[in-house]
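Asks: These protein sequence lines map, in sequence, to chains A and B. Start counting the first sequence at 0; every next residue gets the next number (numbering that gives the first Met the number 0). Start counting the second sequence at 0; every next residue gets the next number (numbering that gives the first Met the number 0).
To be clear, the hints were calculated from the coordinates, so they are not data collected in a lab. Where hints are given, some of them may not hold.
[Unchecked claim] In silico lysine-lysine, DSSO-like type, Cα no more than 30 Å apart, as pairs:
(1) K328/B <-> K193/B
(2) K399/B <-> K441/B
(3) K159/B <-> K512/B
(4) K530/B <-> K441/B
(5) K328/B <-> K262/A
(6) K493/B <-> K46/A
[Said to hold, decoys possible] A few chain B residues that don't get close to chain A, going by computed Cβ distances all over 12 Å:
(7) G29
(8) G489
(9) D507
No residue lacks a Cβ here, since even glycine has one placed at the ideal position from N, Cα and C.
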Amino acid sequence: MSALTFRLRHEPQLRVSLALLVPQTLARLSPAAIPEMELTWGSGAIKVGELFEIRGSDASHLVFEGGSPKLDRIGEAMASGEIIVRGDAGAYLGHRMAGGTIRVDGSVGAYCASGARNGFITVDGDAGDFLAAALPGEHRGMAGGLVLIRGDAGERAGDRMRRGVVLIEGSAGDYCASRMGAGTIAVLGRTGAGIATGMRRGTLLLRETPELPPTFNDCGVHDLGFLQLLYRSWASLPGGFAALPGNSLTVRRLVGDLGNGGKGEVLVWV
Amino acid sequence: MALIRLKGGRVYDPAHGVDGEVRDLYIRDGRMVVPAADERVDQEYDVSGRVVMAGAIDMHTHIGGGKVNIARAMLPEDHRGDRLPRGELTRSSCGHAAPGTLATGYRYAEMGYTACFEPAILPVNARQAHMEMGDTPMVDKGGYVMLGSDEFLLRMLAGKQDQAAINDYIAWTLHAARCIGIKVVNPGGISAFKFNQRNLNVDEAHVHYGVTPREIVRVLARGLDDLQVPHPLHIHASNLGVPGNVDSTLATIDAAEGFPIHLTHIQFHSYGTEGDRKFSSAAGRIAEAVNANRHVSCDVGQILFGQTVTASGDNMAQHRNAGHASPRKFVIMDIECDAGCGVVPFRYRDQNFVNALQWAIGLEIFLLVGDPWRVFLTTDHPNGAPFTSYPHLIRLLMDKSFRNEQLARIHPDAQAMTTLASIDREYSLNEIAIMTRAAPAKILGMADRGHLAPGAAADITVYREDADREKMFTAPEYVFKDGEVVARDGRIVKVVWGRFHAVAPEFDRGIEKGLRDYFERYLTMRLENFKIAEDEMLAFGHNAGLATHPCRR
Chain A
0 MSALTFRLRH
10 EPQLRVSLAL
20 LVPQTLARLS
30 PAAIPEMELT
40 WGSGAIKVGE
50 LFEIRGSDAS
60 HLVFEGGSPK
70 LDRIGEAMAS
80 GEIIVRGDAG
90 AYLGHRMAGG
100 TIRVDGSVGA
110 YCASGARNGF
120 ITVDGDAGDF
130 LAAALPGEHR
140 GMAGGLVLIR
150 GDAGERAGDR
160 MRRGVVLIEG
170 SAGDYCASRM
180 GAGTIAVLGR
190 TGAGIATGMR
200 RGTLLLRETP
210 ELPPTFNDCG
220 VHDLGFLQLL
230 YRSWASLPGG
240 FAALPGNSLT
250 VRRLVGDLGN
260 GGKGEVLVWV
Chain B
0 MALIRLKGGR
10 VYDPAHGVDG
20 EVRDLYIRDG
30 RMVVPAADER
40 VDQEYDVSGR
50 VVMAGAIDMH
60 THIGGGKVNI
70 ARAMLPEDHR
80 GDRLPRGELT
90 RSSCGHAAPG
100 TLATGYRYAE
110 MGYTACFEPA
120 ILPVNARQAH
130 MEMGDTPMVD
140 KGGYVMLGSD
150 EFLLRMLAGK
160 QDQAAINDYI
170 AWTLHAARCI
180 GIKVVNPGGI
190 SAFKFNQRNL
200 NVDEAHVHYG
210 VTPREIVRVL
220 ARGLDDLQVP
230 HPLHIHASNL
240 GVPGNVDSTL
250 ATIDAAEGFP
260 IHLTHIQFHS
270 YGTEGDRKFS
280 SAAGRIAEAV
290 NANRHVSCDV
300 GQILFGQTVT
310 ASGDNMAQHR
320 NAGHASPRKF
330 VIMDIECDAG
340 CGVVPFRYRD
350 QNFVNALQWA
360 IGLEIFLLVG
370 DPWRVFLTTD
380 HPNGAPFTSY
390 PHLIRLLMDK
400 SFRNEQLARI
410 HPDAQAMTTL
420 ASIDREYSLN
430 EIAIMTRAAP
440 AKILGMADRG
450 HLAPGAAADI
460 TVYREDADRE
470 KMFTAPEYVF
480 KDGEVVARDG
490 RIVKVVWGRF
500 HAVAPEFDRG
510 IEKGLRDYFE
520 RYLTMRLENF
530 KIAEDEMLAF
540 GHNAGLATHP
550 CRR
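Chain A on its own, in the form it takes in the complex:
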């Protein structure tokens, strides 16, 4: 069976929610019913068939061809299977995701992987603001799973993150890991202002020396054996994280934010 493929007929003028187009929902529908499904389109609705040309039949493998930054909520709450996006995706990609894989060729919008509990997301381009962060009013951002951003991430990446791994090959915007509760974030590029502000627990692994708030204590340089295990778990990933050099077990360890519990650690390769 070939992957169920949705080819965008034209660039959408309004934001559209693709929350319904996830494997567990589509698997229950007959092929004839799929084009008739209604998606939220601005403040109204649009039929799937009007927006996409559909081919293929395997609902556990979905492909969106011809992406757009207006395609929101791709893979929202998906439980299993695979979604491939050829092009850009909008906000809330993998929001509340519970399992499965999402691969995006292009870039994604805000709140990617927010509230995700499990699963695997790779983005070849950049991620918008609030990557793996909590929605307004919520206490927890991403709570499990792994997100790999090959490009840059926007501001507030990992805000109130609770568990899981966020890997950023490019740079992260301001306030990365702010109010972080637990989990791991690694950034190979630069980081911005306000990094780790209000960080309570969790691990932030950096290549470049960050501009940390004064409420972090420098605990000296250490060789940390556990990093070996961490790197090994990344060995099968595409890109830079698969090939971290052996000497990168030596890190400077900074602990804080003392203004908020102070059990977070920032590890900087030396």
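Given the coordinates of chain A, assemble chain B onto it according to the supplied hints.
Replies: Okay, now just chain B, sitting in the frame of chain A:
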């Protein structure tokens, strides 16, 4: 004008002793009428076999004012999780426990409700509360304005001012805030909380003013009786939620000294301290007291299991409960130096002993209070459950086997602590019509609502008979508001904007002199800006008018 006939329905109009008689009803110009013998019927609805009642009235539901807005702002997840998309006629809205004004109005009307009363309007916030309710479509509305923890009254009591001066202040407040009744919340306790008191029993003095809740209840209950305000003092009694608070509830009844009072969400005030966990049902004692005291009425404030949010002026009780917040966030705050408020999101669980017993206590009160004219159907929306759960609650009251099925699912220790299984009573349709229509209209002094006799407003709900009462009361076939069909089969077919209801008792204008000095010195608003003018009320939202009801009991 056009004459409309509702033909052949089974009519329940308890205000006039009509209990399920098949009869025709006639409407003209939004009113119930008796047509002339030869008059032509312009429009007819065949409602034979249907159950016909007046539009339902919710006499205690938090739908407007500061604390509701705080709950909305604090719970974006409540709004994200329950979206109401735009319809052809209706605008989009959202929210489950703290819905927006539009969702509130639409959902009430879809369930056959045509009037709602916000029970906790702070005088200083009254303008905002009315504006918000002016933006609530479909239903008539009104409010009870809060006195009893305001510094001005406490000063009057501490200064031993006479009842006549207090009556003037009560009447002035009703006027200024354009409300239909007076509510007292944890008498004196909201102020006492700010003086670091964390409990206030009925005979315990406020540390600063030396005033007791007993005095506050007595002067307010008496004042409303002197002023002949139809709605008796609406009391949220002391010690909400505290095990053993049955004693303070009974003391509050005693404090009224025979003047009429209404005890609201009485379920939260009916707890004993028996059993291993020192938490038990005192519904029997409460029901006995309500049955024995003809001047006392109550609404239940039933809890139903699930996610909701508790919003109350009772900062003392909310501060006590804040540790139980779910999700873990809350607001306890002062309002304009003259009142307080607390908002605590809450999830009631059937496998939690306390919650399960609270559920049973509420139902025990419903079933043990004999007179349906004095016990009202409420969940204290949203404090016990959102108002959308009323049909479920009606089924619990009308269907013993369903009730016992639900009882079998709750925490086993709570099952052992309740007598609910041994109560055989099932509410009849007539009794439901009393507690949701006739009695609320009567206790609020609205002569033209809650019944179907000629002259009444044509607010009518037509239900399709169904043994599953939950289904029956969820989506009535027709809902008429002022003679027009506004909802059909649980969907809005016409958007209307109900009117405000208020009372305006007479008072000595001399009261304003002392008040003006007080406002200038202590409050955040000038006296002239505090008072809401009648024409101002008419400009709020889309409202269709202001009905000022006469003061007589």
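Asks: Against each hint, give a clear statement of whether it holds in the structure.
Replies: Each hint, compared with the structure:
no., hint, verdict
1, K328/B <-> K193/B, "21 Å, holds"
2, K399/B <-> K441/B, "29 Å, holds"
3, K159/B <-> K512/B, "18 Å, holds"
4, K530/B <-> K441/B, "28 Å, holds"
5, K328/B <-> K262/A, "22 Å, holds"
6, K493/B <-> K46/A, "28 Å, holds"
7, G29, "33 Å, holds"
8, G489, "21 Å, holds"
9, D507, "49 Å, holds"
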